[in-house]
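Enquirer: Chains as they are written, first to last, in my numbering: chain A, 82 to 470; chain B, 2 to 217.
No lab work stands behind these hints: they were computed from the structure.
Mixed in with the good hints, there may be bad ones.
Here are the simulated DMTMM-like pairs of lysine to aspartate or glutamate, each with C-alpha atoms no more than 25 Å apart in a straight line [claimed, not checked]:
(1) B:Lys94 to A:Glu289
(2) A:Lys89 to B:Asp86
(3) A:Lys306 to B:Asp201
(4) B:Lys215 to A:Glu158
(5) B:Lys85 to A:Glu431
Residues on chain B that point at chain A, a partial pick, calculated with CB under 7 Å [to be verified]:
(6) Gly68
(7) Asn131
(8) Asn192
Glycine residues also receive a C-beta, built at the ideal position from the N, C-alpha and C atoms.
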Amino acid sequence: MRNREIPKGLRDLLPDEMRTRRKLERKAVELFAACGYDEVLTPTFEFLEVVEAGGNIREKLFLFMDREGGILSLRPEMTVSIARLASTHLQDGMLPRRLFYSANVFRHVQPHLAQYREFWQTGIELLGAAGPRADAEVIGLAVKVMREFGLENFKVSLNHIGIFNSLLDVRDIEPKDRELVRRLATKKDLVGLTEALDRMPVDDLLKETIALLPTLHGGLEVLQKLSYLDENPSCARAAEELTATYNALKAMGVEEQVLIDMGILRGLDYYTGVVFEGFSPDLGYGLLGGGRYDRLLSQFGFPCPATGFALGLDRLTLVLKDREQEPTRYLVGGEDWAAMVAAAETMRNEGCVVNLDVEGLDRDQLQAKVADQPGWSLIYIDDLAQGGR
Amino acid sequence: MEDNRLTIALSKGTLLKPTVALLESAGLPADGVLSDSRAMIFDHPGEPPIRYIICRPTDVPAYVEHGAADLGIVGKDVIVEQGKDVFEMADLKYGYCRFVVAIPAGLEGINLRDLNYRRVATKFPRVAENFFRQQGLQAEVIELHGNIELAPLMGLSDVIVDLVSTGRTLKENNLLELVTIMDSTSRLIGNLVSFRTKYDVIQPLLEKIKALVKEQ
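Sequences and hints are given; from them, build the entire structure.
Expert: So, in structure tokens, the structure goes:
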């Protein structure tokens with residue numbers, strides 16, 4: 082019975098989940114729009130060359146051929162496609178430009194709870210603005226949207242990718258070792274990382290600093306633990322940018338929810354500055370992620386700084402779905418179809434959810450139908466004629 | 002569910018005893034965990050409250066990846082074979098064993114390249130496949146669930162990939178170690194989100210455990 086199977090890692094979305102998801106999406110979209118973000122949408126699949134402008138994640142892509150011989154990829158995320166869109170269509174407009182999207186994306190991952198091969202992202206991109214205020218606007222919106230969703234205890238962790246990159250960018254570390262260290266740190270294999278560093282001909286203080294990074298977490302004071310900072314100017318510059326962003330966020334009144342975490346490295350290659358992730362104690366996986374990517378748009382001929390983030394709608398729905406209270410549903414029946422329709426319309430105008438009995442059942446049959454359905458209430462049109470419902 | 006409770010998944014079996022010893026010297030209450038009772042969950046009230054889950058070693062990474070447990074203690078061998086997305090925090094140094102490729106005594110003198118296109122029996126298909134692929138070799142991996150030594154004796158496979166600690170079982174079955182694929186010891190692993198949300202509990206514990214391991 083193959084005709085009932087669906088491909089691995091995909092799923093059907095049923096009414097309960099869709100209701101929660103649409104509500105979340107609506108709240109996010111309202112907030113983004115109020116801050117001047119305009120919606121865009123790109124094609125579901127792109128040429129592989131476009132997707133790879135964001136870095137090489139080929140083993141995670143769903144690839145196929147078109148009949149003209151091009152290699153196509155289902156979009157693994159939206160940022161790269163939006164960078165392409167902006168380079169083609171928005172170069173002449175006023176900057177900064179604020180864009181938002183809500184779309185499904187596709188990655189060939191091992192599926193499990195909260196990780197699917199097709200999943201939904203709602204996010205924003207702020208194009209054409211560098212500096213801590215732009216970063217703070219975007220991160221502040223991430224905090225605000227999580228608050229708006231009614232999440233408690235959530236946190237957004239910040240890092241600056243330049244701290245890690247510039248520490249690795251010293252002459253003693255060979256390129257292949259650099260790749261290894263980056264991979265181990267991204268994988269959070271602290272044991273492997275320490276062992277690998279031990280084998281490298283690198284200054285002890287630098288080794289210690291790199292091995293310490295994944296566990297540095299807290300307020301601004303964690304930057305003080307980076308003793309190597311002073312010896313590496315680009316690392317110090319990155320730390321300054323991070324501090325400036327943190328201070329800008331503090332001025333926005335969101336510092337309660339914001340932390341510094343040197344372990345946030347994000348998986349994607351295109352990040353260049355402040356990066357961040359949001360999570361809640363209710364789920365073992367991140368809920369949102371983003372950061373600054375100042376060199377991506379120039380890949381498409383539009384040199385322009387940019388930053389943004391995406392919310393994982395599937396994961397947010399997992400965390401928030403049980404909090405929804407379902408509205409009462411009314412079932413309107415009766416013999417007089419015109420009266421039923423009129424009554425239903427009146428109630429709908431008052432904001433009720435009203436189903437019409439289209440089967441022509443009598444009162445007893447309708448009562449039997451709703452008897453064991455929680456949240457349903459029957460209105461038989463004779464009742465109304467007698468003056469009540 | 003208590004918000005600040007720390008849940009730790011422990012591996013049933015030989016690792017349990019040294020693990021409990023380590024936890025106790027790190028100052029965590031762990032009495033009862035070693036009792037012969039068949040309980041799988043042990044709660045210790047306190048600040049913070051601690052819950053231990055005792056499960057099969059191969060299941061520990063899954064509990065931790067999903068956040069059903071905040072921390073776990075399990076062998077590197079299991080972590081590599083399971084391939085889960087967890088934070089590998091510290092090498093605890095005990096529970097030493099290693100993955101090896103072993104050959105029947107009759108094949109003595111061959112080298113790794115001669116194993117191309119051979120059949121390999123193993124309980125660890127991921128480790129075996131990755132190893133041969135990285136060597137540029139192709140091997141047909143046959144997954145079995147126990148007594149791997151039997152496979153070459155019965156002609157099911159040419160060689161085996163197995164986990165050994167002393168190597169005695171190999172010898173008893175007339176098998177020779179050809180190469181070591183990797184060494185393994187037990188590790189402290191953590192959920193990526195828990196590490197952040199329960200940082201104030203986990204980070205000091207991690208430092209204490211690292212210091213204890215270093216002293217030994």
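Enquirer: Against each hint, give a clear statement of whether it holds in the structure.
Expert: Going down the list of hints, with the structure as the test:
| no. | hint | verdict |
| --- | --- | --- |
| 1 | B:Lys94 to A:Glu289 | holds (20 Å) |
| 2 | A:Lys89 to B:Asp86 | holds (19 Å) |
| 3 | A:Lys306 to B:Asp201 | holds (17 Å) |
| 4 | B:Lys215 to A:Glu158 | violated (43 Å) |
| 5 | B:Lys85 to A:Glu431 | violated (51 Å) |
| 6 | Gly68 | holds (2 Å) |
| 7 | Asn131 | violated (14 Å) |
| 8 | Asn192 | holds (5 Å) |
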